[in-house]
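Asks: So you can see what is in the structure, the chains are spelled out below.
4 protein chains.
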Amino acid sequence: MGTGRLEAFSDGVIAVAITLLVLGIAVPRPSAHPLAHDLLKQWPQYAAYVVSFMTIGIIWINHHAMLGRLREADHSILILNLLLLMTIGLLPFATALMAEYLRHSGESLAAAVYAGCFLLMATAFSTLNRHLLIDRAHLLRSELPLEERRFILHRAAVGVVPYAVATPLAFVSPYLTLGICAALDLYYALPRATGYRGSVSRP
Amino acid sequence: MGTGRLEAFSDGVIAVAITLLVLGIAVPRPSAHPLAHDLLKQWPQYAAYVVSFMTIGIIWINHHAMLGRLREADHSILILNLLLLMTIGLLPFATALMAEYLRHSGESLAAAVYAGCFLLMATAFSTLNRHLLIDRAHLLRSELPLEERRFILHRAAVGVVPYAVATPLAFVSPYLTLGICAALDLYYALPRATGYRGSVSRP
Amino acid sequence: MGTGRLEAFSDGVIAVAITLLVLGIAVPRPSAHPLAHDLLKQWPQYAAYVVSFMTIGIIWINHHAMLGRLREADHSILILNLLLLMTIGLLPFATALMAEYLRHSGESLAAAVYAGCFLLMATAFSTLNRHLLIDRAHLLRSELPLEERRFILHRAAVGVVPYAVATPLAFVSPYLTLGICAALDLYYALPRATGYRGSVSRP
Amino acid sequence: MGTGRLEAFSDGVIAVAITLLVLGIAVPRPSAHPLAHDLLKQWPQYAAYVVSFMTIGIIWINHHAMLGRLREADHSILILNLLLLMTIGLLPFATALMAEYLRHSGESLAAAVYAGCFLLMATAFSTLNRHLLIDRAHLLRSELPLEERRFILHRAAVGVVPYAVATPLAFVSPYLTLGICAALDLYYALPRATGYRGSVSRP
Numbered sequence: 079m080g081t082g083r084l085e086a087f088s089d090g091v092i093a094v095a096i097t098l099l100v101l102g103i104a105v106p107r108p109s110a111h112p113l114a115h116d117l118l119k120q121w122p123q124y125a126a127y128v129v130s131f132m133t134i135g136i137i138w139i140n141h142h143a144m145l146g147r148l149r150e151a152d153h154s155i156l157i158l159n160l161l162l163l164m165t166i167g168l169l170p171f172a173t174a175l176m177a178e179y180l181r182h183s184g185e186s187l188a189a190a191v192y193a194g195c196f197l198l199m200a201t202a203f204s205t206l207n208r209h210l211l212i213d214r215a216h217l218l219r220s221e222l223p224l225e226e227r228r229f230i231l232h233r234a235a236v237g238v239v240p241y242a243v244a245t246p247l248a249f250v251s252p253y254l255t256l257g258i259c260a261a262l263d264l265y266y267a268l269p270r271a272t273g274y275r276g277s278v279s280r281p
Numbered sequence: 079m080g081t082g083r084l085e086a087f088s089d090g091v092i093a094v095a096i097t098l099l100v101l102g103i104a105v106p107r108p109s110a111h112p113l114a115h116d117l118l119k120q121w122p123q124y125a126a127y128v129v130s131f132m133t134i135g136i137i138w139i140n141h142h143a144m145l146g147r148l149r150e151a152d153h154s155i156l157i158l159n160l161l162l163l164m165t166i167g168l169l170p171f172a173t174a175l176m177a178e179y180l181r182h183s184g185e186s187l188a189a190a191v192y193a194g195c196f197l198l199m200a201t202a203f204s205t206l207n208r209h210l211l212i213d214r215a216h217l218l219r220s221e222l223p224l225e226e227r228r229f230i231l232h233r234a235a236v237g238v239v240p241y242a243v244a245t246p247l248a249f250v251s252p253y254l255t256l257g258i259c260a261a262l263d264l265y266y267a268l269p270r271a272t273g274y275r276g277s278v279s280r281p
Numbered sequence: 079m080g081t082g083r084l085e086a087f088s089d090g091v092i093a094v095a096i097t098l099l100v101l102g103i104a105v106p107r108p109s110a111h112p113l114a115h116d117l118l119k120q121w122p123q124y125a126a127y128v129v130s131f132m133t134i135g136i137i138w139i140n141h142h143a144m145l146g147r148l149r150e151a152d153h154s155i156l157i158l159n160l161l162l163l164m165t166i167g168l169l170p171f172a173t174a175l176m177a178e179y180l181r182h183s184g185e186s187l188a189a190a191v192y193a194g195c196f197l198l199m200a201t202a203f204s205t206l207n208r209h210l211l212i213d214r215a216h217l218l219r220s221e222l223p224l225e226e227r228r229f230i231l232h233r234a235a236v237g238v239v240p241y242a243v244a245t246p247l248a249f250v251s252p253y254l255t256l257g258i259c260a261a262l263d264l265y266y267a268l269p270r271a272t273g274y275r276g277s278v279s280r281p
Numbered sequence: 079m080g081t082g083r084l085e086a087f088s089d090g091v092i093a094v095a096i097t098l099l100v101l102g103i104a105v106p107r108p109s110a111h112p113l114a115h116d117l118l119k120q121w122p123q124y125a126a127y128v129v130s131f132m133t134i135g136i137i138w139i140n141h142h143a144m145l146g147r148l149r150e151a152d153h154s155i156l157i158l159n160l161l162l163l164m165t166i167g168l169l170p171f172a173t174a175l176m177a178e179y180l181r182h183s184g185e186s187l188a189a190a191v192y193a194g195c196f197l198l199m200a201t202a203f204s205t206l207n208r209h210l211l212i213d214r215a216h217l218l219r220s221e222l223p224l225e226e227r228r229f230i231l232h233r234a235a236v237g238v239v240p241y242a243v244a245t246p247l248a249f250v251s252p253y254l255t256l257g258i259c260a261a262l263d264l265y266y267a268l269p270r271a272t273g274y275r276g277s278v279s280r281p
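Chains as they are written, first to last, in the working numbering: chain R, 79 to 281; chain G, 79 to 281; chain B, 79 to 281; chain Y, 79 to 281.
Hint data in this document are derived by calculation from the structure and do not stem from the laboratory.
Bear in mind that the values here come from a model prediction, so they are computed numbers and not experimental data.
No residue lacks a Cβ here, since even glycine has one placed at the ideal position from N, Cα and C.
Wrong hints could be hidden among the right ones.
Derived, one-sided and incomplete: chain R residues facing chain G with beta-carbon distance under 7 Å [to be verified]:
no. : residue
1   : A86
2   : F87
3   : V94
4   : F171
5   : E178
6   : A267
7   : L268
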């Protein structure tokens, strides 16, 4: 089948997931403290919102580039894409978990689950990318030389590494984990990074 | 009317429903137990998320194939499609119910409601499919031989059977019911299954 | 501007609103009663879900037909469409309110708010329709004779009446109000009703 | 890349955010007061819903006009658009916060956060607009004279001012802040305002 409705459905799921992140920011219940205190105290919720929003947004950009190479999709592509969307759909939970437990007992595990979900997502992305570029190369829009396809794959595989590092590091410091995830967003967002542009034409 | 906006609306509803599933995974409240214990204890929520996500995803793939055969839609198709979407929209509730009650009193009924909602969905799908292929054959994109239409219908009807079996089996064991639903997902996800590909060209 | 993105945005809002209805169906908290009792006791939630889902679905069908007549949109159309979407966006609240209070003190007011929100929606729809067909007739795709435009308008205006009746009747019986809303859905869903088909070609 | 999927994704996020606003309207819990009393008491929730819905709706109209000028998007445009969507995604939280605290201790800060989020959104919008019209003028569909681009930019920059005023004024009166936000919506919604139409052809 063509990729139009596949893109539309993926866009829909990613758009809903990214917008549901706001449900992780709680309206503070009236307390003995002034509201300013209560709002400041929940800063992990804002930090987690920003980091997760940017991460999902960047995966959307990359997803767009990945499907843009495709002429049509078959059953195996649909299923692997579904698995990728399933990991993205988990992020509102992982984000809320991290925000809730940071600065409390259990924060290490919560941060590990958080980065672990990003790791799952990056792995699913990389798997789908490999499937498209190697196993389903005949479904691509234009023939890419094997060398170029390997370059793209290599870069996507490299994207998994920081999360694989950040996940166990949560047991050293959950703040370090959050910092790595934030730094990655910044890296991808910067103009010169190997973001969307780079994934189309090799420098 | 053309099928473009019908597909867009259906995609929207299915994408929202599949993404709302995550609201069924609760952030554990701080308790006397370590977080790891609380997270592990709610494994039915993860299992239900995965099974429901894949089931809705597979129905989306099949829905795509079904509407892809259609040239234009009339009032009766819109209404039957709406009924199908209504059953899909129920699944976040059914999923949360099952996840909440598994391992507690009431688990049999909760699992029966869960599989029962899948049964409703599969029945609505099969009804719409029959309506398109038999009653509205003149609205199809290309003329399909009656024999081929019957083959497609037969397969869709067969898809109802496992849920019709899994629903009452919940009162024997809710785990069995969940297992059947999971096995069905696996069956449809496997490359060789009669999934999307099969519904376009007969083997 | 063209109507493509206007349709896409409207579809998005309507699809999210219709799917959020499920949040009005609560997973019963564990109680002293068996789960079957608790699930049955909340039947107003299921009834309200079905009635609201079908009502929003039918307004979507009619919205589709309305915008389908339009060649391009101007500022006033965008704003009136936004007001219509604002009334549709309220329905998950009105539905949950009605379902929560039916069979309890306050049920009459809750049902009046419920039908009153449908009344608001039907009025906004009718207003936008009149604006398109009378004030912005030069933006229609094809010239419709004034007589035919009046026929369409008249029918849309008639659609407001049942809700204008059902709203105050809530203080006689909230069940009557719910029944009228359900009967309207049934009427529009039936094959021969003046639904989508009728709004394109006059019988 | 083309702007089609960028528009689709933005529409999705904005449509979900605008529809999630309804979650800020609570179904009153049964209390000793009659339901009418409880429903009336939460009027700030309705006011905040209407003001936020119209504000997001108008930003959508303007976003549409802005992207409509664009022929294709590059990495920097995608990232700045993502930042804009991130501020829009915050609004369901800011709206619920304002509605919850109005008429209670903390209302000034809550209203300041509310208008402050609109300020953030207007700033992100203006930044993206400047980037498109000045830095990425070569990606526009048609060459606009510099003078006209400056006119559009100037008007977008002016749109930031009222929120910059309304935010600190919350500490004088949160009602004044809400009133300014509502007046702005009204201004943009009125037929003669410099809304969508004005942003295409200069008067």
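Asks: Take the hints in turn and mark each one as holding or not.
Replies: Outcome of the hint check:
no.: 1; hint: A86; result: 5 Å, holds
no.: 2; hint: F87; result: 5 Å, holds
no.: 3; hint: V94; result: 4 Å, holds
no.: 4; hint: F171; result: 5 Å, holds
no.: 5; hint: E178; result: 5 Å, holds
no.: 6; hint: A267; result: 24 Å, violated
no.: 7; hint: L268; result: 29 Å, violated
The structure does not agree with the numbered hints 6 and 7 stated previously, though it agrees with the rest.
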